[in-house]
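Asker: The task is simple: from the sequences and hints, build the whole structure.
Listed in order, the protein sequences are those of chains R and C. Numbers in my numbering are just positions in the first sequence, counted from 1, shifted up by 228. Numbers in my numbering are just positions in the second sequence, counted from 1, shifted up by 18.
Warning: the hint list may mix true and false statements.
As the list claims (entries may be wrong) - To give a feel for the contact side, a few chain R residues facing chain C, derived at Cβ under 10 Å:
#: 1; residue: Q397
#: 2; residue: V401
#: 3; residue: T405
#: 4; residue: T406
#: 5; residue: Q408
#: 6; residue: A419
#: 7; residue: V487
These aren't lab readings, by the way, just hints derived from the structure by calculation. Backbone N, C-alpha and C fix where the C-beta goes; we use that ideal spot for every residue, glycine too.
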Amino acid sequence: MSRREKTWWIVGGVAIIVYALFPIAWIISISLKAPSDIANGQFTPTDVSFTNYSTILTGSASELFLPALRNSFGICLIATAISCVLAMFAAYAIARLDFPGKRVILSTALAVAIFPVISIVTPLFNVWRQIGLYDTWPGLILPYLSLTLPISIWTMSAFFREIPWEMEQAAQVDGATTWQAFRRVIVPLAAPGVFTTAIIAFFIAWNDFVYGIVLTSTEAARPVPAALGLFSGASQFEDPTGAIAAAAVIVTIPVVVLVLLFQRRIVAGLTNGAVKG
Amino acid sequence: MASIEMKNIVKQYGDGFPAVNDVSLDIADGEFMILVGPSGCGKSTLLRMIVGLEDITSGDMVIGGTRVNDKAPRDRNLSMVFQNYALYPHMSVFENIAFPLRLSKTPDDEVRKRVTEAADVLELKEHLERKPANLSGGQRQRVAMGRAIVRHAEAFLFDEPLSNLDAKLRGQMRTEISRLQRRLGITTVYVTHDQTEAMTLGDRVCVLRKGVIQQVASPRELYEQPVNLFVAGFIGSPPMNFLPATLDGRTLTTPFGDIELDEERAAAVAGRDLLLVGIRPEHFEDASLVDEAKRPHGTTFRAQVDVTEWLGDQQFAYIPYDAPEQIQAQLRDLSRELDSEALRTQAVIGIDSTSRIREGREAEFWMDSRKAHVFDPKTGENLTRDAEAGARLTREAEEDRQEQVEEARAHGGGISGPEGAEVA
Numbered sequence: 229m230s231r232r233e234k235t236w237w238i239v240g241g242v243a244i245i246v247y248a249l250f251p252i253a254w255i256i257s258i259s260l261k262a263p264s265d266i267a268n269g270q271f272t273p274t275d276v277s278f279t280n281y282s283t284i285l286t287g288s289a290s291e292l293f294l295p296a297l298r299n300s301f302g303i304c305l306i307a308t309a310i311s312c313v314l315a316m317f318a319a320y321a322i323a324r325l326d327f328p329g330k331r332v333i334l335s336t337a338l339a340v341a342i343f344p345v346i347s348i349v350t351p352l353f354n355v356w357r358q359i360g361l362y363d364t365w366p367g368l369i370l371p372y373l374s375l376t377l378p379i380s381i382w383t384m385s386a387f388f389r390e391i392p393w394e395m396e397q398a399a400q401v402d403g404a405t406t407w408q409a410f411r412r413v414i415v416p417l418a419a420p421g422v423f424t425t426a427i428i429a430f431f432i433a434w435n436d437f438v439y440g441i442v443l444t445s446t447e448a449a450r451p452v453p454a455a456l457g458l459f460s461g462a463s464q465f466e467d468p469t470g471a472i473a474a475a476a477v478i479v480t481i482p483v484v485v486l487v488l489l490f491q492r493r494i495v496a497g498l499t500n501g502a503v504k505g
Numbered sequence: 019m020a021s022i023e024m025k026n027i028v029k030q031y032g033d034g035f036p037a038v039n040d041v042s043l044d045i046a047d048g049e050f051m052i053l054v055g056p057s058g059c060g061k062s063t064l065l066r067m068i069v070g071l072e073d074i075t076s077g078d079m080v081i082g083g084t085r086v087n088d089k090a091p092r093d094r095n096l097s098m099v100f101q102n103y104a105l106y107p108h109m110s111v112f113e114n115i116a117f118p119l120r121l122s123k124t125p126d127d128e129v130r131k132r133v134t135e136a137a138d139v140l141e142l143k144e145h146l147e148r149k150p151a152n153l154s155g156g157q158r159q160r161v162a163m164g165r166a167i168v169r170h171a172e173a174f175l176f177d178e179p180l181s182n183l184d185a186k187l188r189g190q191m192r193t194e195i196s197r198l199q200r201r202l203g204i205t206t207v208y209v210t211h212d213q214t215e216a217m218t219l220g221d222r223v224c225v226l227r228k229g230v231i232q233q234v235a236s237p238r239e240l241y242e243q244p245v246n247l248f249v250a251g252f253i254g255s256p257p258m259n260f261l262p263a264t265l266d267g268r269t270l271t272t273p274f275g276d277i278e279l280d281e282e283r284a285a286a287v288a289g290r291d292l293l294l295v296g297i298r299p300e301h302f303e304d305a306s307l308v309d310e311a312k313r314p315h316g317t318t319f320r321a322q323v324d325v326t327e328w329l330g331d332q333q334f335a336y337i338p339y340d341a342p343e344q345i346q347a348q349l350r351d352l353s354r355e356l357d358s359e360a361l362r363t364q365a366v367i368g369i370d371s372t373s374r375i376r377e378g379r380e381a382e383f384w385m386d387s388r389k390a391h392v393f394d395p396k397t398g399e400n401l402t403r404d405a406e407a408g409a410r411l412t413r414e415a416e417e418d419r420q421e422q423v424e425e426a427r428a429h430g431g432g433i434s435g436p437e438g439a440e441v442a
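Answerer: Right, dumping it as structure tokens:
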């Protein structure tokens, strides 16, 4: 790479980073502004104030925000766990076995994934009310599975396909049952894939707004994105901008933490050396 | 340790294509059996049927007196070395070797003892804590072997274990495998397409062609008394020369002069007019360098040399010859089947490395006609095969093997045996 090229790469990279991080910086900045300071016309707050954070964590909005946070965590983690386990078995079968209907499963999964959520949410609302799933955790976990499962199956079957067949056959010859071979050889090898899939699935569930707002009505099951929309200002003449910004920052933290945590597990090249490379 | 018997084994794929067709083969306890043949001959499929990774369409697979057709691989107690080693990348070398023991719930100190022993034998001791990704090809190969020998398996199965190594390492590992097998005295089935490996390692060699056994015999018998054109062409490097010949009484007329057949062989080939004569390169010589005493055993002829190859210890001369269209097509088919490409009909002739014969010149050669085999070009059958002499060669090899196995066992055998257990 020539110097000139290198310079351009750096300039381009910086531009992209600024473009991507600017909204986040802005939201952090807003969250640190006192309500009277929001319209100060400058990027940085005049005085750094944590009023917004205390509002949502201990103040008036905490009744709305804290249960929502708990709901979001619980529902998303359960949905992610279920979809990962199911997708792992499904993807293993799709990658390893030749059975009729394999293509049908994959294309159905894709169809489900691209089906617009908004068109199904109204009938779902009615059904859920009839069968008592409205405003409950399972009532959100189920639709979230429909969002996370297809993408999980697709990504995981791609990972499983990368694992050489011989690995499993060697384990079987060494005396492993099919289950042992799966658990002790295939799963550890597929771990980076499983973690990647889990993170993607978690984000999808975490970011959902439509199901969250339509299928819940109280803090029994309302997730954070829906709760954010229901924030109100201190008076009806005041926008809850600061509180929403603070909540948005807090909601982003688990996502960042997750990525940092699992970054080390998503190491490519774990299978290097398994077979002649 | 156990014998392996195969009775009329057939493997048919979904489309009805028989990859292995009616194979019956007995492998004695402690024997080193080679399955060899060109690609697509069914040798790997056969091996995978022994170990249980491939279903058997029909026939019986009997290991150590028990029919194992319906047993899962893990119940057959065989160990296998895969072509790409199939090491577990997330485990250290130690855990890779220990894996079969861990599965059988062997106590920890027993595992440590046996893995250390295996690592000693294979000189892997200083690598035990490393991951397979950080090892060289030869070391990975040894780890795969360690995983195979650590368990007291009934038999070892090798699926082209050396084909991923470079030539020099391959030679070393070949002797290593041979030494190990002799030392452990364990039944071994080894799949390869490399005929050098087949000749040097095997007690007996099974040559397969399109899923059908052609010949099972000691390397010597395969070389000296091949049963047909295919075996004759496959075993030996450079390969046997096939010359078209016409028969007139007891005289065969070839492009390289006439060959007089003795009575017995003449009777065997009688009644056919077009034949193929097979002569190995080393049965030719530069006529000027042939002993006077040997000369009457063969015939001399003059021919134009196309190319010579001098290799230090030996020298080859390439001599093109004409063949009838029918024979040419036949030889082309044969060489294609043997994974090579014969562009022209030419003979490869071994001459002494001191010979002054040069490219492009005409020279006089001598051909030892006693060692010639005569093949039927239509069926490929070797008409002059001396079955008795062949059987004698294989019997001798078998006796040698018995002796070695007994010696190994007398020294204690097992990987923990004393250093003296090595049989050179």
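Asker: Next, verify each hint and record whether it holds.
Answerer: Hints versus structure:
The beta carbon of Q397/R is positioned within 10 Å of a beta carbon in chain C (closest approach about 5 Å), and the interface hint is therefore held. At its closest, the beta carbon of V401/R sits 5 Å from a beta carbon of chain C; the interface hint therefore holds under the 10 Å criterion. Because the closest C-beta pair between T405/R and chain C is about 7 Å apart, less than 10 Å, the hint holds. Because the smallest distance between the Cβ of T406/R and any Cβ of chain C comes to about 8 Å, under 10 Å, the interface hint for this residue holds.
Given hint, Q408/R at the interface with chain C, holds; its Cβ is 7 Å from that chain's nearest Cβ, closer than 10 Å. Contact between A419/R and chain C, as hinted, is supported at the beta carbon level, the nearest pair being about 8 Å apart and thus within 10 Å. The beta carbon of V487/R comes no nearer than 22 Å to any beta carbon in chain C, farther than 10 Å, and the hint placing it at the interface is violated.
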